[in-house]
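A.B. asks: Below are the chains, spelled out letter by letter.
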Amino acid sequence: MRAVITVIGKDMVGILARVSTICAQNGVNVVEVTQSILQDLFAMIMMVDISKSTVPFNELSDQLSELGKELNLTIHTMHEDIFNSMHRI
Amino acid sequence: MINSHDILETINMIDNENLDVRTITMGISLLDCMDSDIEKSCEKIYDKICRYAGNLVRTGEEISKEYGIPIINKRISVTPIAMIAACCPTKDPVRFALTLDRAAKATGVNFIGGYSALVHKGFAPGDYALLESIPEALSRTEFVCSSVNIGTTKAGINMDAVEKMGRIVLKTAQETADRDCIGAAKLVVFCNAPEDNPFMAGAFHGPGEPDCVINVGVSGPGVVRAALAKAKGCNITEVADLIKRTAFKITRMGQLVAQEASRRLFVPFGIVDLSLAPTPAIGDSVAHILEEMGLESCGAHGTTAALALLNDAVKKGGVMASSHVGGLSGAFIPVTEDAGMIDAARCGALSITKLEAMTAVCSVGLDMIVIPGDTSAEIISAIIADEAAIGMVNSKTTAVRVIPAIGKKAGEELNFGGLLGMGPVMEVNRYSPAEFIHRGGRIPAPMQSLKN
Numbered sequence: 001m002r003a004v005i006t007v008i009g010k011d012m013v014g015i016l017a018r019v020s021t022i023c024a025q026n027g028v029n030v031v032e033v034t035q036s037i038l039q040d041l042f043a044m045i046m047m048v049d050i051s052k053s054t055v056p057f058n059e060l061s062d063q064l065s066e067l068g069k070e071l072n073l074t075i076h077t078m079h080e081d082i083f084n085s086m087h088r089i
Numbered sequence: 001m002i003n004s005h006d007i008l009e010t011i012n013m014i015d016n017e018n019l020d021v022r023t024i025t026m027g028i029s030l031l032d033c034m035d036s037d038i039e040k041s042c043e044k045i046y047d048k049i050c051r052y053a054g055n056l057v058r059t060g061e062e063i064s065k066e067y068g069i070p071i072i073n074k075r076i077s078v079t080p081i082a083m084i085a086a087c088c089p090t091k092d093p094v095r096f097a098l099t100l101d102r103a104a105k106a107t108g109v110n111f112i113g114g115y116s117a118l119v120h121k122g123f124a125p126g127d128y129a130l131l132e133s134i135p136e137a138l139s140r141t142e143f144v145c146s147s148v149n150i151g152t153t154k155a156g157i158n159m160d161a162v163e164k165m166g167r168i169v170l171k172t173a174q175e176t177a178d179r180d181c182i183g184a185a186k187l188v189v190f191c192n193a194p195e196d197n198p199f200m201a202g203a204f205h206g207p208g209e210p211d212c213v214i215n216v217g218v219s220g221p222g223v224v225r226a227a228l229a230k231a232k233g234c235n236i237t238e239v240a241d242l243i244k245r246t247a248f249k250i251t252r253m254g255q256l257v258a259q260e261a262s263r264r265l266f267v268p269f270g271i272v273d274l275s276l277a278p279t280p281a282i283g284d285s286v287a288h289i290l291e292e293m294g295l296e297s298c299g300a301h302g303t304t305a306a307l308a309l310l311n312d313a314v315k316k317g318g319v320m321a322s323s324h325v326g327g328l329s330g331a332f333i334p335v336t337e338d339a340g341m342i343d344a345a346r347c348g349a350l351s352i353t354k355l356e357a358m359t360a361v362c363s364v365g366l367d368m369i370v371i372p373g374d375t376s377a378e379i380i381s382a383i384i385a386d387e388a389a390i391g392m393v394n395s396k397t398t399a400v401r402v403i404p405a406i407g408k409k410a411g412e413e414l415n416f417g418g419l420l421g422m423g424p425v426m427e428v429n430r431y432s433p434a435e436f437i438h439r440g441g442r443i444p445a446p447m448q449s450l451k452n
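Chain order of the listed sequences is A and B. Using my numbering, you'd call the opening residue of the first sequence number 1 and step up by one each time. Using my numbering, you'd call the opening residue of the second sequence number 1 and step up by one each time.
Treat the hints as calculated values from the structure; they're not laboratory data. Remember, predicted model here, so these are calculated numbers, not experimental data. Misleading hints may appear alongside valid ones.
Listed next, with one range per pair, are the computed distances between beta-carbon atoms [unchecked claim]:
1) B:G418 <-> A:N84: 32 to 38 Å
2) B:H5 <-> A:A24: 33 to 39 Å
3) B:E238 <-> A:I89: 18 to 24 Å
4) A:P56 <-> B:G411: 51 to 57 Å
5) A:T21 <-> B:T237: 50 to 56 Å
6) B:S449 <-> A:N84: 44 to 50 Å
7) A:I37 <-> B:K409: 53 to 59 Å
8) B:E296 <-> A:G27: 55 to 61 Å
9) A:S65 <-> B:C50: 29 to 35 Å
10) B:G283 <-> A:N29: 51 to 57 Å
Cβ coordinates follow ideal geometry from the N, Cα and C atoms, glycine included.
Just need the whole structure built from these sequences, with the hints factored in.
C.D. replies: In structure tokens, the structure reads:
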């Protein structure tokens, strides 16, 4: 099962490191990362494999949202199916 | 990898354009809860609802968290209570309403619908008593919603029921006058009521439905408006295509949530209701979509045409996105629940007569309209009759949910709070329809051919 982590906000040093640390601590494998600038905002999209995650999805999502609040970024953790179903026929 | 543009588009829809799933509604049949002993019947109802819907709210919250989509309401609809009450004709049906309210509290849902009767062709045992008990039932409960079907295209309109419902709407408002007349906001009078509608206050679990079913209502007026805002200068064909594409995406999300809820709750998936349901929040308004198309204010000449286009495009876009579509499906125009409609009503751009015309092309009817508290019961009955006639002749669902603002006059306001919103009292035509309404009888079913 895969999830998509999106990080949107002001660019700063160490965002990728902080997010990947949380992933690593919870046994979540980062599969792919893309970064772009969206209307002056930093946008990072990570595809992660959560099938071996050591915590329930809710908890991972909460940990990442907390990090988002701390760094003043918006972090969403969402199951990949939502994007597949909305954008692919 | 999924296209990053698509991912960011979805996130933007949720964060900035109020995209959400409006409701997961579990339909539960109560036909096996009938009993000639009302105590036993209420006990069976309470137990069955708690057994079936015990995990509904928690499951909804889990899905919401996992997929990152807000799921605003979790609700229950049940078999029309008049059918259950028929078994114990000498007892007060309000007991059933109190039981439903208790079950709603126990399961944690926001509303429970089905304090209803289907009387489009006449009254069966249980129907009279239920209708007369509606004002008390709605004033003594918090979560119970009521609906009455008084007409269909195939049966015509039961004018005896129409006459009664005018009085009942008024009395319901009077009995909850100390709470902004909120009882009337939970009472809908239908023509051609759908049996699988997940939206309140009109949801009930029709007699043709299975034992238990999951129906999902999507939303997303803000997303459609934002898409149109980027399409300045496009012609109407392009506008319709854009709405279809947007409705498709919104509905796919609803379909996913519906399937997931159905799988996790071990309950069959019923339908997705493709409705654009506004809320009073800024940026979640159907009126603003119409204004984005180029009208100075909702209610201006051209509003009916714009709404017809919107309603049709939403359905066309949504139909392919879901395996089963049902419920009301289209654009809702509840005045007090829509920031743009509230503004249009306040400044006088939107009148009840224009709203009536709009209901001929939209998905429901005269919805959440505050009328003066001194409006006579006959005028309310006549509003219901007019609206039912539009539904009957056009083979579509129409409904009336008007709230007589007891003690208030045109220009003053009622505030229900939450999703039900607020709105100004709108003036009605005061010429008397009393003689017509008191005739009673039935309007015969209309011709289905020679349509001119």
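A.B. asks: Hint by hint, note whether the structure agrees.
C.D. replies: Results for each hint:
1. At roughly 34 Å, the beta carbons of B:G418 and A:N84 sit within the given window of 32 to 38 Å.
2. For the hinted restraint 33 to 39 Å between B:H5 and A:A24, the CB-CB distance of approximately 28 Å leaves it violated.
3. The hinted range of 18 to 24 Å is satisfied by B:E238 and A:I89, whose Cβ atoms lie roughly 21 Å apart.
4. A hinted range of 51 to 57 Å holds for the C-beta pair A:P56 and B:G411, which are about 54 Å apart.
5. At roughly 51 Å, the beta carbons of A:T21 and B:T237 sit within the given window of 50 to 56 Å.
6. Evaluation of the 44 to 50 Å hint for B:S449 and A:N84 yields a pass: the beta carbon distance comes to about 46 Å.
7. Our hint of 53 to 59 Å for A:I37 and B:K409 holds, since their Cβ atoms are close to 56 Å apart.
8. At roughly 57 Å, the beta-carbon separation of B:E296 and A:G27 lies within the given 55 to 61 Å, and the hint holds.
9. A hinted range of 29 to 35 Å for the beta carbons of A:S65 and B:C50 is consistent with their spacing of about 32 Å.
10. The hint said 51 to 57 Å for the Cβ distance between B:G283 and A:N29, and at roughly 38 Å that hint is violated.
In the structure shown, a violation is registered for the earlier hints numbered 2 and 10, in ascending order.
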